[in-house]
Structures are given as structure tokens and as C-alpha cells.
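Chains as they are written, first to last, in this note's numbering: chain A, 1 to 491; chain B, 492 to 745; chain C, 746 to 1044.
Please note that a few of the clues may not be correct.
Stated by the list, open to error - No more than 25 Å apart at the CA atoms, straight line, and that leaves these computed lysine-lysine pairs for DSS-like:
| id | chain 1 | residue 1 | chain 2 | residue 2 |
| --- | --- | --- | --- | --- |
| 1 | C | Lys-980 | B | Lys-504 |
| 2 | C | Lys-961 | B | Lys-697 |
| 3 | A | Lys-109 | B | Lys-651 |
| 4 | A | Lys-63 | B | Lys-672 |
| 5 | A | Lys-110 | B | Lys-697 |
| 6 | A | Lys-109 | B | Lys-504 |
| 7 | A | Lys-109 | B | Lys-733 |
| 8 | B | Lys-733 | A | Lys-120 |
| 9 | B | Lys-672 | A | Lys-65 |
| 10 | A | Lys-217 | A | Lys-274 |
| 11 | A | Lys-120 | B | Lys-697 |
| 12 | C | Lys-1029 | C | Lys-821 |
If you are wondering where the hints come from, they were derived from the structure by calculation, not from laboratory data.
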Amino acid sequence: MSTKNYNILIVDDDTEFHQQIRYSFRRNFVFEGAINVEHLRKKLKESPNYDLILLDLVLDNTKEKIGLELIRELNQDHPNIPIIVVTKDNNVDTVVTAMKHGARDFLPKKDYDFDYWNKKFKEVIESNNLKAENRMLREEVKRHRDQRNKEYSFIGESDKIQEIKRILRMVSEEPDITVLITGETGVGKEVAARYLHQNGARSERPFQAVNLSAIQKTLLESTLFGHKKGAFTGATRDTEGYFSQANNGILMLDEIGDIDANIQIKLLRFLETKLIRPVGWDKDIQLDVQIVAATHRDLAEEVEKGSFRADLFQRLKAMVIEIPPLRERKSDIPLIMEFYSEGVEFDTLLLPEAKEHLLQYNWPGNIRELRNAINYMMLRKRIYNRAKIDLECLPTEIQTYQTSPKPSVVQAAAPTSRGELTIDEEHAIIDLEKIEQSLIRKNKVKKDVAIELGMENTDNLRYKIKKYYEKHPHLFEDFPFIKESYKRIVK
Amino acid sequence: MNTKGIGIISSDKTIFNHLKRRLTAAEFEPYHLSTPTEKTIFDYHILSTPLFIGQTYVATTALWKKYFKATQPTTKLITSGFQAQQHSNHIDLLNWPDDVSLFLANARTVSEEWEPIAEGGLDIQRKLYRFFEGHGDESLTDVLHRILMTLTMAHDEMDKYQVAYTEVYEELLQHSNIASKWQLLLNRWVNYLPHFAALPFFTTFKSIDQALQTIAPYFEGGCTNEQLLRNLDCLETLRTIKEDLEIIARQYVN
Amino acid sequence: MNTARTMIIVWSWKHGGLTATHDEWSTDSDINDKLIRADIPFTSTAIGLLRQMVEAEGLDRSVYLFLHRRHGYSQKAISQILNSLSDFQQSGGVVRSFLFGEGGDYIYIANNHRGLLGTKGTFSAKLASPYHEKDQLVSAIVRQEEKLVKSVHFNAVWQHYSYDFKAKIFELREDLFVAFLPFLDEEPLNSSVLYAFLQREENQLLFLRLLSFIGKIRKGTALENTLRSFEQTQKRSFFFDDCQENLKAVYGVQEGRLYEELVMFIKTHLFVHDQTVDLRQLRKQFDVLLRNMPELAYT
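Next comes chain A alone, as it looks inside the complex (with noise of 0.2 Å):
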């Protein structure tokens, strides 16, 4: 860029130094002038946008340095414009003042120099620009993690969730304690993990979550640990793992009890020492990572039948938290359901007999049931073009469910309305759920939708898709946008 195009607002009393600045400098940039405060702060009114501004301290008769406090209150209310002091009064206290008030660098006046000015000028400039451009980005980022982080909000009201809310709350305060979260699938397991991470001591570090069972067995180790080029046939070059990622963060291994002997080794050495070894290292890393595993299954049962590691049962069981299942706390249903619907007052749009059907299901599929429950109503309510939920717009296994006997939260953990799900069902519904949001939110514009979920091109979105249908057809009953988009993005 041009340094010409860069506008400094140079505020002096001294008509003659702006002049002669003006005029030295002409050929670099263009500038305004204030000669008092009331002037400047009427020229910061009219144009926010300047790209520097050169300050002296003394502006007016009293030859009391103003400009010290000036750069503080500029400070705040124009946090973007850099400011450089350029005064007479070359004092250390002067300079340590002014740069402790968010001065950026300090000219005196007395070792006029045009090269070493100019250059200061566009330096200044240059690097605020960085800086503004990093302040963007990490507001981005914020506001990325802030729309996460109300996607997973933890939404419940009832004595049980209330408990664990404290809970969590309590753990957070304690950033190096390995949690392990239970519950059925679709709880809200890494909601809970994502409410430890914002109330916590990491909160403004990274949050990984990964989902241990959706991973290839042989890429596992070099997706948690990371890679060096050549360790193995693909890897092109160095690759961080989820656990370097997380570094000062937080890892939610979802799924733990799905992991092999090997990586349950690993996963109890990097708990033991905070020491991984990347596949293809010589070397161990240090990191700084605190784990939260989750899992639907009873570990105890794993590790007596030998399929987990009793010594990594024994440390990731030092704080366990364990969700309800949705059918244990039914009194948050219409709060989720509100939550869901973007605000509108679900409860309002339901017939009682739909709303009695609703909180008379048993949920098995917990939240994550119930959140497409509600896309599917929203929709089915468009469809027949009604002005409130009944009966017609629920889901079939709603509509048709049979109040009975409670089951137990064993018996729950596996019965759904469609009959037990398989691993790969409940993986399959998963990427499914995933691909029937994206495809509400990007207009059905496939090409959006595999950008939205990483995908490298369509292609990806159509392999999946297909694959899925092949295998469980059954499960496309709950996803009627991918239903209905079908033909278009397999044909």
C-alpha cells in the first residue's frame, strides 16, 4: 500500500510545526490538524478513520502536558488509531508516562529527522494495521466460539441438571483434573464438556472434542498424537494431533470406551507424564491438556471383561459426572425446545395433545432426538400448512408411542423406536444429523454443504450420502431434507 494514502491527524498548537510537517511530508501522506483538544475532538467525530495521529503533550497556555491524559481517553474511545507523541519534552518520566498510557512511540522534536520519522510513521501505522487485523481475526474467532458455544449450550433447569451445572462449575476451578462424563447417547456429553471449558480456568484456551469411535482404528494413534512426514504411507508431511491442538486447552475424548490396548496405553502415559510421542518421533512433547472423556458405555463392565484398562479406568474415574437421560428430567423439555426453535415460543405453537405426547415420550435418543423432533414438527407444520403443532406433525414414534413403565437407565441406554442401534447406526445418525442441519442452513446448496463440514468437494457429500443409504435406509426417515435432496446430490 501506498504510504500516501495513509491520513495523520497531527494535534499541536503550533500552527508553524503543522506547516512545516505538512510540507516535509507531503510526498508520504496526507494530514489533518487539531491545535486543541475541543479541535481534535471534533476532527475524531467527523472522521474516526485516521491512520495515525501525532501528538504533542502541551496544547495550550496552562503548559500543563494534557496530552498525557489525551492518550489515554484516545486510548479508549479510538482504540484503532495508533498515537505517537511528538513533543519538545524528551524527559524519561515524560516518555515512560506516555508509553504507559498507550503511546506508541515517543518523537522529541529536537532530533527532527525526516528519514527516521517517516519511517516511524509507517511503521506504526503498518503494525496497527497487523494488530487490527489479529484483533479482527480473535474477534472472529470469539464470535465463532461464541455461536459454538450457544450451540452447545447446556440448557436445563431441573434439580439434576442444576446439581451438575454446580458441579462442573466446581470442577472447572480445578484445571488439571481429568473428568469422565456418562450417559446415554445424545445427553448432551460434550454440552456438559463445553460448559467445564467455558466456566473454567482454560476457558479462553482451545477446546477439542473427538469423537474416538468415528476414527479409522489404524489412523487413530496419529490422529490423537499427531505425525511426521513419512511415519506411515500418506503422511506428507508434519501433522499435529487433537492433543497438540489442545495444548492449554482441553480434549474431549468422546467415546473412550471404544479405544484399543494400544491407544489406551498412550492415553494413560500422556495422563501419567503430559508426555505424547507423535508417530514417527524420536521425541516426546510436553503438553499442558486437560482430559475429558465421555462415554455411553459402564467401563466397570469393560474393564471386567477385559476390554479396558483397569490402571486408566482408576484415572479417568477420579470426577464422574454422569448426564440423566432426557426421560429423567422431562421438565426441561419445553426450555430445549424453545432453545431450538431460534427463540420462538415452541410451547405456544403446540396443540396440548401434541405437547402431552411430547413430554409423555420417553426420549431415547435424548437431545439429540428431541432437536430433530423439532426441526421435523417446524417442517411438517410448514408442509400441511398448519398454524399449530398437532398430532399430524410429530414424528411417527411420538405420535404412536405408548406410555409405559419407565425403563431403567440400563435398559434405556440401548433401546431406541427403531430397535437397538448398531455402533455404525448411531455413528451413521450422527454425520446424517450433521449433513440435514447444513443442508436447512445452506439452502440445499450441496456445493455449501460439503464446504460447511470440511468436505473436500461434493464428491465427499455424495460418497457419504450413498453410503449411508446402502447400509441403513431406515434411518432416513428422520432426516427429511437429505430425504428429499436425495436424487439431487446422488444422481
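Since the structure of chain A is provided, determine the placement of chains B and C on it from the hints.
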């Protein structure tokens, strides 16, 4: 070190002669120092105080102490005058010490912490501070810096960008009122210069005064003559003056 | 000292365009400063007029009253004016009065480029300068039509006169002891020896200053003319006539008494034949007087 030599700083011949007579009687070798340099190294220096400079009595001990501390840190600076005060480093001329050798031996060096006696007369340290820091935007050094900045800008235009002097004059020098600033600078200089005679740095001030007289024709001519600007080397001369003054300010004011 | 300052300068302002008895000027950077030009030759009514002018400035201002010798003012006139202001001073009014003219007074631009007065009732004068080929016009005026003078000139003059009396006494003391130094080897000192020494030609100025200090120079005498010519050539003020009156009528009873005692000591020890002169006692009396004068010798 000359262990018997004593440097004497005095503005009055009568005082020097008196000191010389008394010190010679005590087997010392007194030398009159008008402008002490590092070549004249003595164990003792006697400063007649207050010095009579520019029609005024001036208290200079603090400045001389700074000067010697920087140049001859082990020397002992002893004031002498008519102040009736007892002090390890002051000789009351109306009460000459019984054993001047012992008195000098017991005096403290310039590197030690001690406050000079109340000398009476103009506090030259305060005057020097005002010279550098006083008068707000119109202090001599401030005006000098403004003239220097303007001339630096003018030379940049002419030498870096080949802008004609006539344009630089119209756009920069005339707007900056450089000729009237020069007048202000001279007024201040003339006002202060006499007070600084017989001080450690006066040789520098004398050379600055000479330099100002040399470049004066350019400013006196209203700054319109480029040849005078270049031939008299005004910019470089002002830079040298600025540097010389900064050295003095660092040593004696800050 | 009160911060609001008034200078009243009484001399012939004809050339400066003053047509009334007096007018008022201000300075360019301090609204509290006031300069009054007054053209009131010394007559029997002048004392009353000047008293009124000073009193009109009120109790919250400091007033310096400058009286021009050629306008008829003298030590006697100062004495009368200051005495007429004794009630004003006792009420808290601050006033000092100075005589100037014909000599090397600081108030003149010719003696000091920060001065206020030219030579003929104006605020400007030409001065020679080593930095200029021609004499330079130095003016204390900012804008004639606004009756505005430069603060730097006002300040410099005010500051000088604020310590002028004390500085003059201090300088006399120093010069006297320096002059007597050669005699310290011959203690005890004899007054006749010292008196003879002071009367030597090279010590004439010091002798005349000492005479003025003890009030021994009468108006219109050769001694006065000689000391005046020293003032003119050295561009300094040497007379103590105004100083004496201020010490007695302005500084206070204590200072007036100390001054009288010092004068008496000098008269009875230095100006009497064959007396032993104790220089340490002389110094002590100078020092006690100087210590009692509240201002710094120089600022």
C-alpha cells in the same frame, strides 16, 4: 598528580595574590586557572566564591564540583571567601586555618557527598537550568531546535528532492518565521552569555558565540540568500551548537 | 509578596505620546501585571498625587514606584512619599520606590536589552550588537495602540529591582573585604591605614559607594558627579540614596535600625583616625542586615 600544586579559580587578582601568599607560605604551589583542563591535575582546587562575573556575584561551586567530579574525581575542591561558615571544604578568608595543610588534607573530594556553603550571589545552577529549560516554548534551546528543524527540512527539500530555494523559502522558511526566531535566540543568548563567564564550560560558550556571529549574516538578511546559507554552513553550525549545548546540559543540568 | 504587580514610572513621557497625567499599560502574558506611565514632576502636590496613585492600586497588589531624578525626585522626595504611605503599608500595602536617571540604571534598554525605557520617554532604544552590522532597535512594546508591553521586559525589570537593594549591599560588602584582603596579614588593622587606602585613585569607586552607603554624598557635589559618571560608564547603579529610605520606611523598624548601626560602625571605625578596625565585626553587621532583608540577594 601534583601533590603540592593547587589550582586556584578566582575572578579577582587581589584574592589570587592573597591565596598565593598564604599557600606558598605553607609550601604549596598555587596556579591560577582561567580555564582548567584535564592537563592541569591537582590534588586541590581552591575556588574563590562568589565569583564576580558579568557585573554580578555568582555562586558557582555546585557546577565546579560537577565539573571536577567528571574530570578529576579525586581532587578536593575548597571554596574560599568571606562567608563566616565552618565547613570541611570552605576557607573563611577572615579566619585562615592555623594549619592549612591539615585543613586541606581533611577536606572531602569532589566525588564525596557534600553541599557547598551558602555563597551568596546569583545561583548560576538555577540560571543555567532556566537557560536550558525555562521560558516555555521560547527557551533558547527550544528556539534553536525549531530553527534547526526548519533548516533541516529546507536542506532535505533542496538536496533530496532538488526543490528550488525560492520555493523552499516561500513554502517553509517564510511561514516558519525563521528570521524572527533567530532574533529571539540571539536576545536570549546575549542575556545569558555574560553570566556564564569563568565557568568550566565557558570556552564552549565562547566558541558557540563565535559560531553564532559567523552565521548571523544569513539570518540578518532575512534568510533569503541560499548562497549565504550554504557558504556559512548554517545547518551544520547549528547542529554543532545543539550538540555542544546538549553535552553541557547533560553534565550540568540533568 | 503579592502576585499582582504594578509599576509606576514617573518621568517625562512627552515623546512617548502621553498627554494626560498618567495612563495604564498591560503585559502580553500576565493579566495581573500593570504598568502606569506618569508624568508628574516633583512639586509640593506630587507627593499627594503619587500617594493616591499607589493607594488606588489597593492592598492586594505590589507596587514599584520609579521616580526620575531629572523630574526633580531625590532621596528627600522618596522619604516624603514613603512616609506619606506609612498608613497604607501598615494596612498591608506593599510598595517600594526607586530613583533612576542619568546613570546606569537597569530599567533603561541602553543598559539592558530587557529594560523598559528608551532615552526620551519611550519604550524603545537602539542597541549595538556583535551579531549585527547596524544597531538594533529594541522595543518593549507589543502593540502601541493596545498599550501592551512585553512580559519578558516587565518581568526582567521587576525581578531585578526586587533584589536590587540587597544585591547592592552584598556587592559592597564583598568588594570591601576583597579590597581589605592585603591588610589581613597586618592585623590589628588601623582605620587610618584603611582610610588612606580607600582614598587611593584605584579605589575611588569603592570609596564613593561606601560614602553613598553611609549617606555622605550630598546632592550637587563633585562626589555625586563622579559617582554618577561611574554609573554611566559601567552601566550600573551605585547610589544608595533610595535604598536607605526604603530600608527605613519599607523594610521595617528592625532593618532600619540594623542599617543605622552598620552605618554608625563604619563611621566610627573606618572614618575616624587611628581606630582599630575589626573586620569580623564589620562582616557580622553586614551579614545581620543582609539576613534580615527577606529577598534573595539574586534570583
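Going down the list of hints, with the structure as the test:
{"no.": "1", "hint": "Lys-980(C) / Lys-504(B)", "result": "22 Å, holds"}
{"no.": "2", "hint": "Lys-961(C) / Lys-697(B)", "result": "42 Å, violated"}
{"no.": "3", "hint": "Lys-109(A) / Lys-651(B)", "result": "21 Å, holds"}
{"no.": "4", "hint": "Lys-63(A) / Lys-672(B)", "result": "20 Å, holds"}
{"no.": "5", "hint": "Lys-110(A) / Lys-697(B)", "result": "23 Å, holds"}
{"no.": "6", "hint": "Lys-109(A) / Lys-504(B)", "result": "46 Å, violated"}
{"no.": "7", "hint": "Lys-109(A) / Lys-733(B)", "result": "13 Å, holds"}
{"no.": "8", "hint": "Lys-733(B) / Lys-120(A)", "result": "23 Å, holds"}
{"no.": "9", "hint": "Lys-672(B) / Lys-65(A)", "result": "24 Å, holds"}
{"no.": "10", "hint": "Lys-217(A) / Lys-274(A)", "result": "23 Å, holds"}
{"no.": "11", "hint": "Lys-120(A) / Lys-697(B)", "result": "37 Å, violated"}
{"no.": "12", "hint": "Lys-1029(C) / Lys-821(C)", "result": "29 Å, violated"}
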